[in-house]
Amino acid sequence: MSSPEDITRLKQLKESEALQAAWDEWIETRQLLEETSPLLDDPDPTMRSLASDEYSSLTNTLTTTVESTFPSLLVPASTTSHLSALMELKSGVGGSESSLFLAELVRMYQRLANVNRWKAEVVGQNDNEGGGTKDAILEIKGLGAYDALRWESGVHRVQRVPATESSGRVHTSTVAIVVLPLVEETDAHNEELFKMDDIKLEVMRARGAGGQHVNKTESAVRLTHIPTGITVSMQDERSQHQNRRRAFQVLRSRLMDQKITREIAERRAARTNLVRAADRSEKIRTYNFAQERVTDHRIGLTLMNLTSVLEGDGLQDFLDALRRDHYESVMEDMLESA
Amino acid sequence: MHSRLLAQLAAHIGTDQASLELRWMKQALSSGLSNATLSTMVKRRALGEPLQYILGTQPFGPLNLLTRPPVLIPRPETEHWVIKLAESMFPTAQNPRNLLDLGTGSGCIPLLLCHLWPKGSLRTHGIDISPHALRLANDNAALCGIPTHCDTDEPQNTYTTSLASFLHTSFPDNEASIKPPYDIVTSNPPYIPWDEYLELPRSVSDYEDPKALFGGPSGLDFYHAIARIVSHKNILSPNAVVALEVGYEQAEIVESLMRRTGRIHRTEIWGDPWGKQRTVVAHAHA
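Going line by line, the protein sequences match chains A and Z.
Residues are numbered in this note's numbering as their position in the first sequence, beginning at 1, plus a constant of 3.
Residues are numbered in this note's numbering as their position in the second sequence, beginning at 1, plus a constant of 878.
Where hints are given, some of them may not hold.
As the list claims (entries may be wrong) - Listed next, with one range per pair, are the computed distances between beta-carbon atoms:
1. SER311/A / ASN913/Z: 48 to 54 angstroms
2. ILE1131/Z / ASP200/A: 30 to 36 angstroms
3. ARG283/A / LYS1089/Z: 52 to 58 angstroms
4. ARG248/A / LYS997/Z: 49 to 55 angstroms
5. SER71/A / ARG882/Z: 23 to 29 angstroms
Stated by the list, open to error - Listed next, the in silico DSS-like pairs over lysine-lysine satisfying Cα-Cα at most 30 angstroms (straight line):
6. LYS198/A / LYS921/Z
7. LYS1154/Z / LYS144/A
8. LYS219/A / LYS14/A
9. LYS1154/Z / LYS203/A
10. LYS219/A / LYS1154/Z
11. LYS904/Z / LYS122/A
12. LYS1111/Z / LYS203/A
13. LYS286/A / LYS93/A
14. LYS219/A / LYS1089/Z
15. LYS17/A / LYS93/A
16. LYS14/A / LYS137/A
17. LYS14/A / LYS93/A
18. LYS219/A / LYS1111/Z
19. LYS17/A / LYS219/A
20. LYS137/A / LYS921/Z
21. LYS219/A / LYS921/Z
22. LYS997/Z / LYS1089/Z
23. LYS93/A / LYS137/A
24. LYS962/Z / LYS198/A
25. LYS219/A / LYS262/A
26. LYS93/A / LYS1057/Z
27. LYS93/A / LYS144/A
28. LYS1057/Z / LYS219/A
29. LYS122/A / LYS137/A
30. LYS1111/Z / LYS137/A
31. LYS1057/Z / LYS921/Z
32. LYS921/Z / LYS904/Z
In short, the hints are calculated from the structure, not lab data.
Backbone N, C-alpha and C define an ideal beta-carbon position, used for all residues, glycine too.
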């Protein structure tokens, strides 16, 4: 039988595997390079040329190891890597145009989820009478979904001529997105997130005599978490029981999000360091249809292929770049506090 | 896209409700559960037909039950108290319970308990006066995977039905299918009094079975019958629980009817999520 100490040790060993592999690769490449060097002066011109090719390829490998592999190993393992994501999208300025764009963003994330083999499901949605979606909650289930999507939080801006605009004038509209970690009902950590005594549960509409007297579907519910004032309304399911389950899921995710944010802030305060704070009212990205471009303002990355972004592939490039940027800022943070 | 249909529906049930119901209709169509068209669904709904009959299903706790006119549509109030009942008792396969459901309708009450409680911990029997109801209840049992009897080694909860009227004074003596004693008796009997029956919304009175709604002039006929059954010697096992759904002003009257049977030592009244007294729970003597 393994003791708890054994498990900790095994875990440490497992976590250091990547370190060992990188070090082994470094040593092996260095050795090959040393063996190749003398051949650069070989009398045989064919051999010299082969050696020269190999030399530059090995040098490249070493550079990559130094510039990206080693630094990436310094980034502490994510504590949220197992979590799925809950995305809340709300239309902002721009009226129905904003609602139309929101519906397109939902499809964009659904496609991205498909490519990554995550399971995407719209669990809450309020449609706009004039078309489009006023707000939506998208559940994206799968390993790493939260870590990949968390940088999508912020204000997304669209610039284009709305289909409804006859004068051909370009409008600017926005959609606000908040990405939350999805906490499953069965997750062992829920206990500490809230106490049932702190929850006020309300049904939304009056039902008169109720029971057999009424057969109208009135399944909307509202939860209030009294200590934080967080309220969650859910009306999308036909059953009150299911709306209640959904509402608790959103509440857990919001509380988990607050917990993660709090922990990050505490760590920063401890190191008396300033790292760019993720402000959710910050405009993070612009989708410009006339120029077929998408720009992420935080990392200054522009892709000249808007269609590809909306179809999910281009979006993946942004997510990868944002993840790299996050790693770099974590490293800078570590270096400054060292 | 469907703005004309939305407007048509909104004129009858309001914009917010219309947009929700239109979405549920689309979901039912896309899941292939119904072969109607969206416009016929909207037309039926605008004429006052209950959404649940149009869609053909109604969620009940984690179950998705079939609904068919004229069998009473499961209500959220019933869903609420049945879940509460499920959470207040702890039957096990070692100590299984017998349950009798009076006026079983769609079968929602025993089927949800069969689903929620551990396998092999519950044997249920439902009676109803309506052959429509029994057919639907049996279809629902099949849909939920609740068998009529346990024929494998694996323990299972079971549900059987029979045609009978519990309003008859001969009930349950002449019923071979009733096998007392019962540890649990549940019922959502017809409880609407005459004057209120006349005032019902048409989506209720024009579509749902009056025999599942109308509880006699005072609305209490069936509670008197249940009190008589409860008084019957040997129908309840010691510490049995009788859980009865009641109309919005009937809880205290039904509570005293139960107490007067002499078989009950303690009663509770449970509220529904809308603040109405909805369920009388009576505990039999040990």
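Status of each hint after checking the structure:
The given range of 48 to 54 angstroms is broken by SER311/A and ASN913/Z, whose C-beta atoms sit roughly 39 angstroms from each other. Between ILE1131/Z and ASP200/A the C-beta distance comes to about 33 angstroms, which sits within the given range of 30 to 36 angstroms. Remark: the range hint 52 to 58 angstroms for ARG283/A to LYS1089/Z is upheld by a beta-carbon distance near 57 angstroms. A hinted range of 49 to 55 angstroms is violated for the C-beta pair ARG248/A and LYS997/Z, which are about 23 angstroms apart.
Under the hint 23 to 29 angstroms, the C-beta atoms of SER71/A and ARG882/Z, about 58 angstroms apart, miss the expected range. Among the hinted pairs, LYS198/A with LYS921/Z is inconsistent with the structure: their alpha-carbon atoms are about 46 angstroms apart, more than 30 angstroms. A C-alpha spacing of about 39 angstroms is found between LYS1154/Z and LYS144/A, which places the hinted pair above 30 angstroms, so the restraint is violated. Taking the CA atoms of LYS219/A and LYS14/A, the gap is near 55 angstroms; set against the 30 angstroms cutoff, the hint is violated.
A threshold of 30 angstroms between alpha carbons decides the hint, and for LYS1154/Z with LYS203/A the separation of about 18 angstroms falls inside it, so the pair holds. This hinted pair checks out: LYS219/A and LYS1154/Z have alpha carbons roughly 17 angstroms apart, not beyond 30 angstroms. Distance check on the hinted pair: LYS904/Z and LYS122/A sit about 21 angstroms apart at the alpha-carbon level, within 30 angstroms; holds. In summary, the hint linking LYS1111/Z to LYS203/A is not supported, as the alpha carbons are separated by about 44 angstroms, beyond the 30 angstroms threshold.
With a C-alpha separation of about 14 angstroms, the suggested pairing of LYS286/A with LYS93/A holds against the 30 angstroms cut-off. Straight-line distance between C-alpha atoms of LYS219/A and LYS1089/Z comes to about 20 angstroms, which keeps the hinted pair within the 30 angstroms bound. Restraint check for LYS17/A and LYS93/A: not satisfied, since their Cα atoms lie roughly 42 angstroms apart, outside the 30 angstroms limit. The hinted pair formed by LYS14/A and LYS137/A fails the criterion: a straight-line CA distance of about 46 angstroms is larger than 30 angstroms.
Restraint check for LYS14/A and LYS93/A: the C-alpha separation of about 41 angstroms exceeds 30 angstroms, so the hint is violated. Note on LYS219/A and LYS1111/Z: the hinted pairing is violated, with a Cα-Cα distance of about 41 angstroms set against a maximum of 30 angstroms. For the hint pairing LYS17/A with LYS219/A, the CA-to-CA distance comes to about 57 angstroms; that exceeds 30 angstroms, so the pair is violated. Among the hinted pairs, LYS137/A with LYS921/Z is consistent with the structure: their alpha-carbon atoms are about 27 angstroms apart, no more than 30 angstroms.
Our distance criterion of 30 angstroms between C-alpha atoms is met by LYS219/A and LYS921/Z, whose separation comes to about 17 angstroms. Pair hint LYS997/Z plus LYS1089/Z does not hold up; C-alpha atoms about 33 angstroms apart against a cutoff of 30 angstroms. Note on LYS93/A and LYS137/A: the hinted pairing holds, with a Cα-Cα distance of about 6 angstroms set against a maximum of 30 angstroms. With a CA separation close to 19 angstroms, the supplied pair LYS962/Z and LYS198/A stays within the 30 angstroms bound.
Taking the CA atoms of LYS219/A and LYS262/A, the gap is near 39 angstroms; set against the 30 angstroms cutoff, the hint is violated. With a C-alpha separation of about 58 angstroms, the suggested pair LYS93/A and LYS1057/Z falls outside the 30 angstroms cut-off, and the hint is violated. With a CA separation close to 20 angstroms, the supplied pair LYS93/A and LYS144/A stays within the 30 angstroms bound. About 37 angstroms separates the Cα atoms of LYS1057/Z and LYS219/A, which puts this hinted pair outside 30 angstroms; it is violated.
The hinted pair formed by LYS122/A and LYS137/A meets the criterion: a straight-line CA distance of about 23 angstroms does not exceed 30 angstroms. Only pairs whose Cα atoms come within 30 angstroms are accepted, and LYS1111/Z paired with LYS137/A is rejected, the gap being roughly 61 angstroms. For the proposed pair LYS1057/Z and LYS921/Z, the alpha carbon gap of about 47 angstroms is over 30 angstroms, so the pair is violated. A distance of roughly 14 angstroms separates the Cα atoms of LYS921/Z and LYS904/Z; the hinted pair therefore holds under the 30 angstroms criterion.
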